[in-house]
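Novice: Heads up: the protein sequence lines correspond to chains F and S, in order. For reference, each letter of the first sequence is one residue, going 1 to 233 in my numbering. For reference, each letter of the second sequence is one residue, going 1 to 261 in my numbering.
Quick caveat, the hints were computed from the structure, so don't treat them as lab data. Where hints are given, some of them may not hold.
Quick list of in silico lysine to aspartate or glutamate cross-link-like pairs, EDC-like style, CA-CA up to 16 Å [to be verified]:
| no. | chain 1 | residue 1 | chain 2 | residue 2 |
| --- | --- | --- | --- | --- |
| 1 | S | Lys70 | F | Asp195 |
| 2 | S | Lys70 | F | Asp120 |
| 3 | S | Lys48 | S | Glu248 |
Quantities reported herein were computed from a predicted structural model and do not represent experimental measurements.
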Amino acid sequence: MSAAMDPVWTALALSLKVAGWATAITLVLGTAVGYMLARWRFPLRDLLDSLLTLPIVLPPTVLGYYLLVMLGRRGWLGAWLHDNLGINLIFTWQGAVIAASVVAFPLVFKPARAAFEAVDGQLEQAAQVLGLSGAKIFFRVTLPLAWRGILAGMLLAFARALGEFGATLMIAGSIPGHTQTLSIAVYEAVQAGQDDVANRLVLITSVVCVTVLLAAGRLMPGQVANRRDGDRG
Amino acid sequence: MKRHPCHYLLAILLSLAALPGLAGDLVVSAAASLTNAFKDIAEHYEAKHPDAKVLLNFAASGTLLQQIAKGAPVDVFASADQETMDMAEAQGLVANAQRRDFARNALVLVVPADSAIEIAALGDLAQGAVRRVAIGNPASVPAGRYAGRALEQAGLATALQGKLINTQNVRQALDYVARGEVEAGFVYATDARLMADKVKVALEVPLDIAISYPIAAIGISSSENASSEKAASAAEATRFIDFVLSPEGQAVLDNHGFARP
């Protein structure tokens with residue numbers, strides 16, 4: 001059997017695809033929402049913040065149920081998508097992306113909000129005085145200053161999306177090659193008593209997670225570098 | 001001295017930890033399709049024997065077998081097929097002499113109640129209007145294994161390959177049909193009855209083997225190191241199995257649509 005056909009590698013490829021898309025989506029949305037909550041004053045801001053943080057505390061099965069009821073063929077959003085756009089999300093990898101995005105979203109927008117709030121307003125004012133437009137200030141001053149916090153959130157979101165299980169199983173099912181991600185494949189293998197497959201899957205998952213952590217350390221030398229600087233100084 | 005709040009938390013946690021594993025508990029692992037029937041049976045059993053406390057654990061038969069094989073403290077195992085019980089026997093978890101068949105069932109193909117798709121035979125699943133069919137994962141769900149066998153014999157296994165949605169147990173297949181997420185699903189006749197308002201039976205799936213449910217006590221065969229506590233739970237397990245096979249237990253199963261063994 002060639003490596004490309006091996007179900008273990010298929011599951012890994014699918015997991016990376018789903019987690020990658022979920023990370024991209026949460027990165028864009030989380031950064032935008034984080035900025036909005038950090039800078040704009042509007043009523044019910046704290047309530048909105050709490051609502052958006054819910055996926056961290058809600059059990060994945062609760063989220064999965066909400067998504068199933070909402071996006072299912074008889075759900076209000078699912079029925080609309082199906083009737084108007086011909087889109088069906090249940091039992092598709094795109095459905096898995098949505099489940100992973102929902103659970104990973106707070107992990108990006110929370111640190112993003114904190115990072116934007118920590119940006120020194122005087123630097124932005126200076127850019128304004130120098131004649132930069134609003135969008136340019138955001139992309140050339142604010143975002144670069146907040147980037148480290150957002151990046152930290154992004155890596156956490158990727159790791160969380162990679163490990164998503166409950167909500168994904170409920171709305172995307174477990175279709176080998178289509179929606180059976182690593183974590184679901186592990187569950188299936190254990191259920192079926194295929195310990196050899198389970199062993200390989202958990203080994204691969206662990207290696208991927210350690211790699212993500214190491215990459216996180218590389219990308220964000222943050223604390224370690226600071227300490228070193230401190231030693232030198 | 002003022003106590004730290006952690007002390008109280010610890011005390012609560014410890015008292016909770018002491019709850020499971022009470023001596024008189026009988027742990028029964030039963031196939032997902034038996035969920036309603038066995039809840040009912042356990043109620044009748046506890047009413048008859050006030051000293052007994054039945055803890056029910058439902059999942060796909062294959063899942064239950066894996067739990068037992070990995071050492072889950074289960075006293076009685078009721079499977080939805082002979083094959084899973086054969087595997088339990090092969091692993092030395094149950095003794096052949098202990099095994100008894102207690103019910104029969106039929107496999108049916110269900111469609112959403114408002115479905116307009118004509119399905120009169122298994123071959124009709126190949127039509128384009130049927131895009132998804134829910135089936136228990138054959139690796140661990142007996143209903144999926146029976147269905148896979150029927151599709152194989154009808155020569156449809158490859159034609160339907162891309163349409164099959166594997167589920168964790170038979171009840172999940174039922175749920176997907178009831179929600180209209182799939183055009184059809186394989187479940188037991190007893191499952192279809194539970195959601196008669198949301199699903200309708202399109203056909204009874206023809207099978208060359210009978211769907212019969214075996215039940216057995218777990219771990220009685222290894223009696224050489226049996227303590228008195230173990231002997232007591234073995235006696236309790238036998239008492240429960242006898243109850244399931246008694247006219248009273250059979251009447252409950254009748255009510256839930258199961259046929260006699």
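Novice: Does each hint hold? Answer for all of them.
Specialist: Here is what the structure says about each hint:
| no. | hint | verdict |
| --- | --- | --- |
| 1 | Lys70(S) - Asp195(F) | holds (11 Å) |
| 2 | Lys70(S) - Asp120(F) | violated (57 Å) |
| 3 | Lys48(S) - Glu248(S) | holds (10 Å) |
Checked against the numbered hints listed earlier, the structure breaks hint 2 alone; every other hint is satisfied.
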